[in-house]
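J.: Sequence:
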Amino acid sequence: MKCFWACSVSVVLAMSFTVAAAENNDNVTYTKPSAGRDLYLTCKGYQVKGASVINVEKPSYLEGTGEQVEFAIITPVGASDGLKVFFDSWGFSSFGLIESHVMHEHWSLVHVGGRASVKGEKIDYSFVDNQPQEGGSYKPKTGVFLYGCMNSDKRPSWVEKIYTRTGVFRGGIED
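With mature numbering (1 follows the signal peptide of the UniProt record, and there is no 0) applied, the sequence shown covers -21 to -1, 1 to 154.
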């Protein structure tokens, strides 16, 4: 029971931190995809739904240039191939964290860089709904936390297969 409360509190704090970081989009720069890429990250993940933290079995994938993530395959629980996401802008959150945005869909990928943890894992990135909340009470949002990200020198073959057959992200990760 102690672990449940400790895990729940850490998840709520981590979600609050990354959602608050993503809700202010004042410093957003619209970008065009770069010609070359040097960031090819494969990550493990947790999905958060309300107070539940679910281990995601399949890896997620991030690709871009430098700190700017331009393309991702985010794999929430239940999604067969994951969500193919193209980020069209990036900037800095009010906490100074680098964000990549899916404009008009209210989703951000925040580079947390180990500043928050879920279930003892230092979170590298969080994929969260950055739509501001109305009213004075906190409403849980669904999000995916990525950790254990490993860089390689090229796009993995499993990503190429998913890339060719998966539809583009349309703004929701619920089943």
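There could be a bad hint or two in this list.
[As the list claims (entries may be wrong)] Below are the EDC-like pairs computed for lysine to aspartate or glutamate, each with C-alpha atoms no more than 16 Å apart in a straight line:
#, residue 1, residue 2
1, K28, E139
2, K28, D60
3, K23, E42
4, K63, E139
5, K133, E113
6, K23, D108
7, K140, D60
8, K23, D60
9, K133, E42
10, K120, E139
11, K101, E113
12, K133, D60
13, K133, E36
14, K37, D60
[Unchecked claim] Computed Cβ-Cβ distance ranges for the label pairs, DEER-style:
#, residue 1, residue 2, range
15, E113, W137, 37 to 43 Å
16, R16, D60, 19 to 25 Å
17, G99, Y142, 14 to 20 Å
18, M129, A30, 16 to 22 Å
19, A30, T143, 33 to 39 Å
20, D17, W137, 18 to 24 Å
21, S96, E46, 32 to 38 Å
Don't read these hints as lab results, they were simulated from the structure. Treat the numbers as computed from the prediction; the structure is a model and nothing was measured. All C-beta atoms in this analysis are idealised placements derived from N, C-alpha and C, irrespective of residue type, glycine included.
J.: Now tell me, hint by hint, if it's right for this structure.
T.: To see whether the hints hold, each was checked on the structure:
{"no.": "1", "hint": "K28 to E139", "verdict": "violated (29 Å)"}
{"no.": "2", "hint": "K28 to D60", "verdict": "violated (19 Å)"}
{"no.": "3", "hint": "K23 to E42", "verdict": "holds (15 Å)"}
{"no.": "4", "hint": "K63 to E139", "verdict": "holds (11 Å)"}
{"no.": "5", "hint": "K133 to E113", "verdict": "violated (42 Å)"}
{"no.": "6", "hint": "K23 to D108", "verdict": "violated (19 Å)"}
{"no.": "7", "hint": "K140 to D60", "verdict": "holds (9 Å)"}
{"no.": "8", "hint": "K23 to D60", "verdict": "holds (15 Å)"}
{"no.": "9", "hint": "K133 to E42", "verdict": "holds (9 Å)"}
{"no.": "10", "hint": "K120 to E139", "verdict": "violated (30 Å)"}
{"no.": "11", "hint": "K101 to E113", "verdict": "violated (30 Å)"}
{"no.": "12", "hint": "K133 to D60", "verdict": "violated (19 Å)"}
{"no.": "13", "hint": "K133 to E36", "verdict": "violated (22 Å)"}
{"no.": "14", "hint": "K37 to D60", "verdict": "holds (9 Å)"}
{"no.": "15", "hint": "E113 to W137: 37 to 43 Å", "verdict": "holds (40 Å)"}
{"no.": "16", "hint": "R16 to D60: 19 to 25 Å", "verdict": "holds (21 Å)"}
{"no.": "17", "hint": "G99 to Y142: 14 to 20 Å", "verdict": "violated (32 Å)"}
{"no.": "18", "hint": "M129 to A30: 16 to 22 Å", "verdict": "violated (29 Å)"}
{"no.": "19", "hint": "A30 to T143: 33 to 39 Å", "verdict": "holds (37 Å)"}
{"no.": "20", "hint": "D17 to W137: 18 to 24 Å", "verdict": "holds (20 Å)"}
{"no.": "21", "hint": "S96 to E46: 32 to 38 Å", "verdict": "violated (21 Å)"}
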